[in-house]
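S.K.: Order-wise, the sequence lines are chains D and L. So the first sequence is residues 29 to 133, counted in the numbering used here. So the second sequence is residues 135 to 666, counted in the numbering used here.
Check each hint, because a few of them may be wrong.
To be verified - Just a few of them, taken from the derived set where beta-carbon distance is under 8 angstroms, the chain D residues facing chain L:
1) V36
2) E50
3) D52
4) Y83
5) S86
6) V119
To be verified - Okay, the calculated bits of chain D under chain L, using three or more residues with CB under 8 angstroms as the criterion:
7) 29-35
8) 87-96
Treat the hints as calculated values from the structure; they're not laboratory data. Owing to the predicted nature of the structure, the values given are computational and were not obtained by experimental measurement. Beta carbons are placed, not taken as given, at the ideal position from N, Cα and C, and that holds for glycine.
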Amino acid sequence: MTAATVSVHKDGDEVHIAVAGELDLANAGLVEDEIVAAIDNTATNVVVDLTDLLYMDSSGLRILFTLSGRLEVLQIEMSVVAPHGSPTRRVIEMSGFDSLVELRP
Amino acid sequence: MVVSDPTANERLRRIESVTDVALARLKVEDLLVELLDRVRELLRADTVAVLLLNESRQELVATAARGLEEEVYQDTRIPVGKGFAGRIAAEGRPVIIDRVDHSDVLNPILRQKRIRSLLGVPVLAGDAVIGVLHVGTLTDRAFHQDDINLLQLVADRVALATQARISQVERTAAAALQRSLAPSVLPLLPGLELAARYAPNEEGGVGGDWYDVFTLPSGWLCVVIGDVVGHGLRAAVVMGRLRSALRAYALEGGGPAEVLTRLDRKVQHFEPGAMATVLFGQFDPSFERLRVSSAGHLAPVLAVPGQPTTLLDLPTDPPLGVRFGLRRRTSTVELEPGALLGLYTDGLVERRGRTLDEGLDVLCDVVVPGPPERLCADVMATLVGNQPPDDDITLLLMRRRVDNEIVPLELTLPAAPGSLRDIRRAVDRWLAGTEATPTDAADLQLVIGEACSNAVEHAYGARGGTVALRMELRPPDVFATISDTGSWRPPRGRNRGRGTMLMQRCSDELRVEHGPVGTTVFVRRRLTGPAS
Chain D
29 MTAATVSVHK DGDEVHIAVA GELDLANAGL VEDEIVAAID NTATNVVVDL TDLLYMDSSG
89 LRILFTLSGR LEVLQIEMSV VAPHGSPTRR VIEMSGFDSL VELRP
Chain L
135 MVVSDPTANE RLRRIESVTD VALARLKVED LLVELLDRVR ELLRADTVAV LLLNESRQEL
195 VATAARGLEE EVYQDTRIPV GKGFAGRIAA EGRPVIIDRV DHSDVLNPIL RQKRIRSLLG
255 VPVLAGDAVI GVLHVGTLTD RAFHQDDINL LQLVADRVAL ATQARISQVE RTAAAALQRS
315 LAPSVLPLLP GLELAARYAP NEEGGVGGDW YDVFTLPSGW LCVVIGDVVG HGLRAAVVMG
375 RLRSALRAYA LEGGGPAEVL TRLDRKVQHF EPGAMATVLF GQFDPSFERL RVSSAGHLAP
435 VLAVPGQPTT LLDLPTDPPL GVRFGLRRRT STVELEPGAL LGLYTDGLVE RRGRTLDEGL
495 DVLCDVVVPG PPERLCADVM ATLVGNQPPD DDITLLLMRR RVDNEIVPLE LTLPAAPGSL
555 RDIRRAVDRW LAGTEATPTD AADLQLVIGE ACSNAVEHAY GARGGTVALR MELRPPDVFA
615 TISDTGSWRP PRGRNRGRGT MLMQRCSDEL RVEHGPVGTT VFVRRRLTGP AS
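Pulled out of the complex, with its shape left as it was, chain L reads as follows (with noise of 0.2 angstroms):
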C-alpha cells in the first residue's frame, strides 16, 4: 500500500508544477493533456480523466483522459447522480473511494480497467459544477487531504481552461453566425431609396435584432424589422431562424399578417420559451403602399415633406410566441413622393435615464424626409451618440423617391441563369417609372436579357463571374450598358445565335465592345412614349 507523505517542499513542488506560467501559453487543448500529465506523475496514479456537463447539465462527457483515453473515444456519458463521478457532479464536493467496489461505479471502463481506488473532486466555475476530474490507481491507495487539494487545485485550472476554450469556441461560432447573418445588401431601388444601421451590443458581434429587405416574385418589395427577447448566441440563432422562416412564408404568398400568423404559429411549436416583435411590410411595386402588420413592435416613424414627423398610428397585435390563435391584423399606409419612413428596435430610443417616450421625441424632432443614408448617421449620432449601448440597435429608412426623379439603376449580380429574372424585375420596376410603352419595355427587356445571357454562358469558366448593368434615361432615350469581366467565346451548340439577332432588332443602337478586361454592351433605345 503506498501512502503519499509529501513534505513542505514537495508540496511546493507539485504546486508550482500545475501553477507553471508556461501552461498558461498552451492551447487549451494542450494545456488539458499537459496538465493531467503532470497530476498523474505527481499523484502517481495510473488513470485520470476530465468529464464536462454538457449542455442539459444532465450528463457529463468524458473530454479528456491519459490511461483512460478510451473513456474519451467511445463517447462515456455518466448521468448526474448516478456511479462515482455522477456523484461528485451531484453533490459538488470530493470523494474518495478506497476501496472500489464495483456496484458503486458505474463507468465499464473503469471497472473493464479493475482500477482498484479512486479520487474525484469537482470542476467549479464560481459556485457551479461544470465538471468531475478523478484519478484511479490500480493498486490500492488511501488518497490523503494534500491529495485532494492538489487535485482541486488542478481541477481550478481546468475549470479555468474549459472556460476559456468555449468562449474561444462561442466567439468562432458567433463570428461565423455573424457572417451568415449579417443583413444582406440593401438593394437599389429606383423608386425607393434605403438606408439602414445595424449595431449589435454583443462582443460576438451578433444580437436578436435584425432587418430585412427582400423581393417576391411577384415584384413587391418586403420590409422587416424584428428583434428576438433576450441576448447573445442563443437570441442570434433564433433571430437567423426567423429571418429565414419569414422569408420563406413571405414566399408562399398572402399578407403581413397571414405571414406573421405563419411565423407565431412556427415560433409558438419550434422555438418554445421565445418571444420576438416583428413588423412585417410589402410595398406593392409602385412603393405607393405599404401593407404592414405589427406584433408587437415599436410604431414606425413617418416623415412627409411640409408636415410634423410622426409615429404611425398602427394596431399593433401582441408579440410572436405570446398566444396562440390570435387574429393579426394588416393595415395600408399611404407613402407619397418624398416621404420616408423609419423602422427600428427599442435599443434605438430606450436608454438609460431617459424614458421611452422621451426617446421617440428625440426621434421625431431628428427625423426628417431627407436623404435615408445622411440620415441614419444623424438619427445615430442624435440618439446614441458616444454612450455605449445597452442593446442591439437596428435603423431601417425608406424614402420614396420624387415622381420626377429617375436615378439611373445599376447593378450587378453573379452571371448565373437565376440572375436573368431578378435583373429582369429590377428592369421592370425601374422603366415603371419612365414614360415606356409595353413594346419599348418589352424590347429593352429583351436585349438587356439577351446581353446578360450572353455574359452567363459565355463569359466565364467553372470560377463564374459577375455581370454588371446600368440603365440611365436621357428622354427620348434609354442607354443601357451590360458588361462582365470575361472574355465571350463563341456559341456552341445547334439552333444558337438568334440572341444577337434580337438584340438587332430591339434597339436602335448596339455596340459590343470586347477589351482585354471584358466585355461591354452599349443600347440605346428611343422610347415611344407619349413625351417623345
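Looking at chain D on its own, in the form it has when it is part of the complex (with noise of 0.2 angstroms):
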C-alpha cells in the first residue's frame, strides 16, 4: 500500500503542511483528509510543502486543484512548495496548477 506522512506546523495564521512519501490513488483519500482537517477558519495562509514527496499523479492534482478552490472561497492564501527538477514539480508544471497558485521555489 502506498505511503504517505502529513506533518502540520502551525505558525501563528500560517499553516504548514509537509506531504512526503507517495501519492496515488491508494492513499489520496486519506491524505486529502488530513491536509483538509489541519485547516481552520483562522488560517490567512496555507503553504502545501512537496519536497519530499517522491511520486505523485493525477490524484495528487486533484487534491491541489480542489483544495485550491476551497481555499479561495475562504480567502486562504496558498502556495505550493516542490524544487525545481522534481518529479512532483514536473507533474505540476504540466497540470498548469502553477497558474493558479505560487509554486515555490
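With the hints as a guide, bring the two chains together.
M.R.: Okay, structure coming up:
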C-alpha cells in the first residue's frame, strides 16, 4: 500500500503542511482528509510543502486543485513548495496548476 | 431386577448387530449415533455416552450420547482420574457400578437423571486410552461379563470410527493449511531469475519446510529458506507462524541478523520446544549483494561462471529456539552477473545410505550457473531421483542476470489501489537496468501509473479484476502496454480527467484501445539517456 506522511506545523495564521512519501489513488483520500483537517477558518495562509514527496500522479493534482478552489472561497492564501527538477514539480507544471497558485521555490 | 442371560444365538445376534457391514458405509458422526442406538437396545440400557480425551489428555469430553444428549449439548468435561468415567480412563479397564452412590459420580447430569447402574469400558487405540463408552440404567441392573464383552466390542468400533474421523479432520485441515501455506508465486524480476521446488514428504501435503521471496517497501528483495524440526501438521503450523512472523519483522526494518534475533525471541517465548533452522537474506535493489544471516541452516551453494561450484563459507549461528540472548551475525555475499545461488533444506541432500557430505558433493557437481528453472529439474532428478523422500525437500535457486540482458517485464496484479505501489517498484527495478534518465523514469512511472489507476478505477465492477503490465526495451524506445479485461466507464466526480493529459505529455506515443475483451493502453517513450 502506498504510504505518505502529512506533518502539520502552525505558526500564527500560517499553516505549513508537509507531505512526504508517495501519493496515488491508494492513499489520496487519506492524505486529503489529513490536509483538510489541518486547516481551520482562522488560517490566512497555507503552504503545502511537497519537497519530500517522491511520487505524485493525477490523484495528487486532484487534491491540489480541489484545495485551491476551496481556499479561494475561504479567502486563504495558498502556495506550494516543490523543488525545481523534482518529479512532483514536473507533474504540477504539466497540469498548469502553477498558473493558479504560487509555486516555490 | 433384570438379569441379562443371553443364549449363544442371542450373543451372535448381538455381535452381528454391532459389526454389521452396513455400518461401515455410514459417515463417522452417523455411525457413532447408530452404534449407540444399537448398543442401547441390545443392553436394554437407558443411557449411552461416548466421551473422548481432549488434546491435553487431561479431560474427557462428551462427544455422542443417547438418552443423555444434554451431556453433549453442555460440553460436559470430566477430569481423568475423577468420578466414574475418569476412573475408567485412568485405569484403562471396565468399571461396573451396580448401585450408584452419587459420591462416585462427578457428572451432575448422571445424578439428575437418577441413574442407578452403570457399566463403562475404555475406548482403546492400540494400548492407549482415547476415551470412555458407558451405559446406564434407571432401574437396578447387574451387568455381566457378556455385557462387558459386547460393550468393549462397540468401544473398538468407536475407536476405529474416531480415528477415522480424526484423520479425516486432520486431512481437511492439512489441505486448508496447504492452500494457505503454499509458497507464494515467485516474483518476476528484471535482474534476477528465480525458480523453486517444494516437495513435502507428509501425506497432507504440508511439512515444516518453507521458502519465501518478497519485496520490502525499500525495494530490497528478501529470500528465506527454513526448516521447522518435526513432522506433520504441528510442524506445518509452526512453519506458517514463523513464515508470517519473519515477513512482519522484516517489514519493521533492520538487517538479517536483527530480523532473525526477533524471530528467535518469538519462537522462544511463544513456541516453546520448537526449533527451526532458517537462512534469511536481503538483496540490494541491483542484486549485486546479498546480506545474509544463518540460524543453523545448511550453507548455500554458489555457482560462478568459469569457477568450480562451492558451498558458501558463511558464519552460522545456532538454530532458532535453542538459546536466548546470543549475538547473530550478518555477512555479505557478492553475486556477479550470471552467478547462481542455491538455498535448500537437508531433505535434498540427506538420504539413507548416503552421508551428508556425499550429498553436498553431489549437489556441487550438479549445480551450474545456468537458467534456474531447468537447473531445479536437474538437481531434483539427480539428488531425489525415483527414491521416495524421507523428509521434506525444498530448493530455491536465484541467478543474477547478465548486465546487458534486459528481458521484458511482465506482471499481472489485482486491479486494486494497493497494487499501484508494487507496480512502481517493479518498473523502478526494470528501468534501473536500462539507461533511462531520472526524467525518463519519472515520465514512464507517471504514464504507467495513470493507465493502471484507470484500470483500477474504471474497468471493473465490484467483483474486481486484474491489470497487466508489459515493458520491453527496443533501444532507444521503451514500449509499455497496460491492459485490463474490463470496460472503462467515464470518470466520475470533479477535478478528474487530468490523468489522460499527463499520459499524453509523458509519452512520445499513446494509444488507448477499448476492445470487447478489455482496454489496452500502448505507450512508447524514447529514452533520452546516453545510449540514444
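S.K.: A separate judgement is required for each hint: does it hold in the structure or not?
M.R.: For each hint, the structure was consulted:
{"no.": "1", "hint": "V36", "verdict": "23 angstroms, violated"}
{"no.": "2", "hint": "E50", "verdict": "7 angstroms, holds"}
{"no.": "3", "hint": "D52", "verdict": "5 angstroms, holds"}
{"no.": "4", "hint": "Y83", "verdict": "7 angstroms, holds"}
{"no.": "5", "hint": "S86", "verdict": "4 angstroms, holds"}
{"no.": "6", "hint": "V119", "verdict": "7 angstroms, holds"}
{"no.": "7", "hint": "29-35", "verdict": "holds (count 3)"}
{"no.": "8", "hint": "87-96", "verdict": "holds (count 5)"}
Going through the hint list in order, the structure does not satisfy hint 1, though it satisfies all others.
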